[in-house]
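Colleague: So you can see what is in the structure, the chains are spelled out below.
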Amino acid sequence: MQKNHYQLLGLRDGAMQVEVDAAHDRALRRFVAHHKEGRPFPKEDFDAMQEAYAVLRDPDRKAAYDHALFGTPSPDAFPDASAPTAPRDALSETRSKTPDTYAFEFMGSGGEYFRIWILNLVLSILTLGIYSAWAKVRREQYFHRNTLLDGSGFDYYGRPTAILKGRLIAYGIFFALSAVDTFSPLYYPPALLVVSPIFPWLLVRSFAFRARNTSYRGLRLNFHSTYRECLMTFLPYLVLFVGAVFLAYHGTNEMISAGQASDPSGPQVLMMASPFLTFALMFPALYCDLKRFQLNNLSFGDSRFKTGIRARAFYGIFFRTTLILVVFCIPLALWIAGNYMYVREGGVSPSEAGHILFFLSTPTLMLLVFHASFLAYYQSRTANFMWNNTTLDRHYFVSTQTFGGLLTVIAVNTFFTLLTLGLYWPWAKVKLAAYRARNTVLVAEGGLDNFVGKVSEETRATGEEILDVFDFDIAL
Amino acid sequence: MDAFYFDGRSSRRHVAHVDAEPGILLLHTSAGKRRVIFSEVLVSEPQGKAPRTLRFPDGDYCEVPQSAELLELLKKLGHRDSTAVRLQSRWRWALFSLVGVCLAVCAAYLWGLPWVAKVAAPHVPIVVMEKISARFFDDFDKNMLKSSGLDAARQKALADRFREIIAADPELTPDRSYLRLYFRNAGFMGPNAFTLPGGQIVMLDKLVELSESDDELLAVLAHELGHFHKRHGVRMLIQSSVVGFAAAIYLGDVSTLVAGLSAAVLNSKYSREMELEADDYAAAVLRREGLSPLLLVSALEKLEKAHRKSVCGSEEKQCESENKKRSFDWFSSHPETGERIRRLRNQKTED
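Each protein sequence line maps, in turn, to chains F and H. Each residue of the first sequence is one higher than the one before, starting from 1 at the first, in the numbering used here. Each residue of the second sequence is one higher than the one before, starting from 1 at the first, in the numbering used here.
Keep in mind that the hints were calculated from the coordinates and are not lab data. We put the CB at the ideal spot given by N, CA and C, even for glycine. Be aware that one or more of the hints could be misleading.
Short derived list, chain H residues pointing at chain F, Cβ under 7 Å [what the hints assert, rightly or not]: (1) 46; (2) 49; (3) 88; (4) 107; (5) 174; (6) 177; (7) 338.
Covered stretches of chain H (chain F as the covering partner; in silico rule of three or more C-beta atoms under 8 Å from a C-beta of chain F) [claimed, not checked]: (8) 8-14; (9) 23-35; (10) 93-104; (11) 273-282.
Label pairs and their in silico Cβ distance ranges [said to hold, decoys possible]: (12) H:39 x F:157: 37 to 43 Å; (13) H:119 x F:252: 43 to 49 Å; (14) H:81 x F:60: 54 to 60 Å; (15) F:69 x H:31: 26 to 32 Å; (16) H:338 x F:179: 24 to 30 Å; (17) H:290 x F:194: 55 to 61 Å; (18) F:416 x H:174: 54 to 60 Å; (19) F:452 x H:26: 23 to 29 Å.
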């Protein structure tokens with residue numbers, strides 16, 4: 001037999017409003033705790049709990065539900081109804097202390113976004129790319145406005161001219177660097193070194209532009225970091241990495257001068273691989289610091305976001321993601337080796353078209369499955385970990401993405417996008433946004449009415465644009 | 001109609017009511033009644049079913065559900081959506097746009113890009129190309145190529161004749177100093193000759209061994225010279241970087257390998273056209289020298305034979321079936337040799 005709403009919250013039938021609120025609060029905290037520990041309850045349980053609370057917190061809906069359940073109003077409801085004044089006040093007081101949950105929802109539809117996307121594309125082509133800045137604003141506005149929290153939408157204010165200017169600067173730097181690389185490659189490292197001090201500035205600008213151009217309920221987000229702070233956060237990683245590159249350079253030189261190019265010794269191989277090893281080892285910490293930097297400097301009105309994420313958990317997540325890679329690589333390697341032997345032994349001429357197609361299709365399929373699982377695993381885990389450890393004043397977030405759920409979304413999206421040669425892309429983006437919104441909840445104590453803030457100044461778009469120079473809204 | 005009102009300084013949501021008079025938006029909130037001139041109100045674009053916003057000059061705004069009632073109100077106030085919004089709202093325009101994108105991309109690939117490259121190529125200073133090519137050639141030469149086994153006299157004889165045909169074409173005079181002929185040996189490349197955009201022309205020993213006369217080699221050199229004269233290297237560089245860029249945008253998320261492969265397939269069409277252009281140039285040079293364009297035909301036939309031999313193991317075996325070969329034709333950078341030979345023969349009869 002299915003549990004009724006009271007039983008779901010662990011209550012006796014017809015329990016009072018105050019009890020319902022308290023039970024829901026308890027259940028929610030337990031839910032969040034489990035999530036933080038990495039052993040979440042099934043999503044269905046969470047939805048059922050939310051649905052039960054949605055009915056029972058509303059006096060009218062509760063009365064109707066009780067009526068359907070017991071045939072008569074529940075006995076406990078009587079004191080409430082007969083003596084409205086005193087208990088009501090007590091009730092509203094407890095209510096303000098217990099947290100309310102606000103689910104994010106995404107209202108967009110693939111068809112609508114497809115029409116925006118295709119028009120953006122054609123106008124961008126016709127104007128030789130100039131319209132792409134306006135296109136970006138339309139795209140961001142579509143996704144911001146269709147994301148609702150407690151019935152109100154987010155908004156995006158980025159100005160196309162600012163974005164266009166940013167793009168021009170970004171392309172300028174990009175082409176100058178690649179020109180140096182082409183004509184005098186010797187000067188490329190020094191040129192990169194000369195340009196590198198602007199990267200922290202660009203990062204700060206980028207986060208600030210995005211935050212300050214996003215609003216909810218008329219209040220904008222803001223980003224507070226400084227150049228100095230950004231530099232201090234990320235300089236250690238840069239120093240480590242540059243050190244590893246020097247080590248590799250040194251190792252290669254030593255090997256060449258010793259004349260053993262074809263037979264490097266163990267330590268030399270290690271030295272040459274050090275940039276890759278260093279990067280792989282520091283990546284989870286870097287990722288964590290980037291997210292901390294982004295969230296801890298973010299505010300909504302006068303309220304600051306705070307995140308307690310630690311690098312250790314990211315090492316766990318990325319380690320398990322690497323395991324997925326290994327698990328997929330073994331059969332792939334075996335398959336390729338098997339085929340290679342078959343061709344070598346003269347089974348089929350390697351130039352035969354059908355064979356080559358067959359030879360390519362199986363690993364391609366495996367790569368796609370791998371690609372989807374890889375993305376689904378690391379994205380769901382990092383999103384859950386990040387949001388479940390992030391607070392805004394006394395309010396906190398609950399993220400309930402699951403590997404299976406996200407895998408389904410990504411796999412279906414990838415399949416149809418390939419099948420339609422990319423035309424499914426807008427639907428895919430919408431489906432992903434809807435999944436993310438559906439699985440994010442804000443638990444706010446005392447409602448969403450009490451944030452205050454001031455109008456923030458405008459920011460230039462250069463930073464954001466250089467970070468996605470190739471962020472065209474297409475890609476199969 | 002009912003709306004939510006936000007003052008822009010706090011997140012508090014007030015219940016409000018909006019109404020319309022000609023040119024004036026009436027706003028009732030708990031704070032009282034306000035009349036706002038509608039031309040000062042910023043109406044957000046419709047975004048599907050998302051609620052819309054009416055922004056007032058002071059930074060406060062109303063959030064209104066996208067409903068028939070709102071559309072009626074806006075109509076009464078004389079609000080008109082922008083052209084882009086009207087285009088976005090119709091499937092018909094979306095389909096037109098889709099067809100337009102496809103046509104534009106095809107036209108750019110078939111005509112636009114080759115035309116741009118052809119116009120731009122002569123303006124790229126040859127010094128620049130020289131620098132890029134030299135960098136590549138030095139590397140390649142050092143690691144992959146061996147010095148030629150050809151005796152010095154033969155090399156000099158060929159180089160002299162090569163210089164003669166350069167001197168005979170006045171159009172080549174300004175760039176003459178960049179043209180250099182190299183004799184090299186590289187077993188893995190088979191009988192071959194190639195040209196770099198900076199004017200380095202490389203002839204491999206195997207090709208020299210294969211040919212019967214210096215005239216035949218001259219035909220091949222004239223073909224390579226054609227590549228330089230028509231600036232094929234520069235044009236290819238321009239075209240392939242644009243194609244590569246487009247493929248990276250379109251397919252970059254899937255995999256770099258897929259993007260690279262499709263760029264290679266797309267570029268092969270360009271290079272096949274260039275081979276034919278170089279053939280035509282070679283034919284003209286040969287005629288000017290008082291030689292027959294059929295020399296190039298015989299050189300091509302020998303190359304084809306040698307190629308078949310290396311693929312099938314024996315000369316006689318007709319490579320299992322022609323079908324198999326043809327299925328890969330659209331991958332290859334050179335047009336089918338038979339087609340090129342037919343073209344050159346036809347030119348001969350036209351003379």
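Colleague: Compare the structure with each hint and give your call.
Modeller: Tested hints:
no.: 1; hint: 46; in the structure: violated (9 Å)
no.: 2; hint: 49; in the structure: holds (5 Å)
no.: 3; hint: 88; in the structure: holds (5 Å)
no.: 4; hint: 107; in the structure: violated (11 Å)
no.: 5; hint: 174; in the structure: violated (22 Å)
no.: 6; hint: 177; in the structure: violated (20 Å)
no.: 7; hint: 338; in the structure: violated (18 Å)
no.: 8; hint: 8-14; in the structure: holds (count 6)
no.: 9; hint: 23-35; in the structure: violated (count 0)
no.: 10; hint: 93-104; in the structure: holds (count 7)
no.: 11; hint: 273-282; in the structure: violated (count 0)
no.: 12; hint: H:39 x F:157: 37 to 43 Å; in the structure: violated (20 Å)
no.: 13; hint: H:119 x F:252: 43 to 49 Å; in the structure: holds (44 Å)
no.: 14; hint: H:81 x F:60: 54 to 60 Å; in the structure: violated (39 Å)
no.: 15; hint: F:69 x H:31: 26 to 32 Å; in the structure: violated (43 Å)
no.: 16; hint: H:338 x F:179: 24 to 30 Å; in the structure: violated (43 Å)
no.: 17; hint: H:290 x F:194: 55 to 61 Å; in the structure: holds (59 Å)
no.: 18; hint: F:416 x H:174: 54 to 60 Å; in the structure: holds (56 Å)
no.: 19; hint: F:452 x H:26: 23 to 29 Å; in the structure: holds (27 Å)
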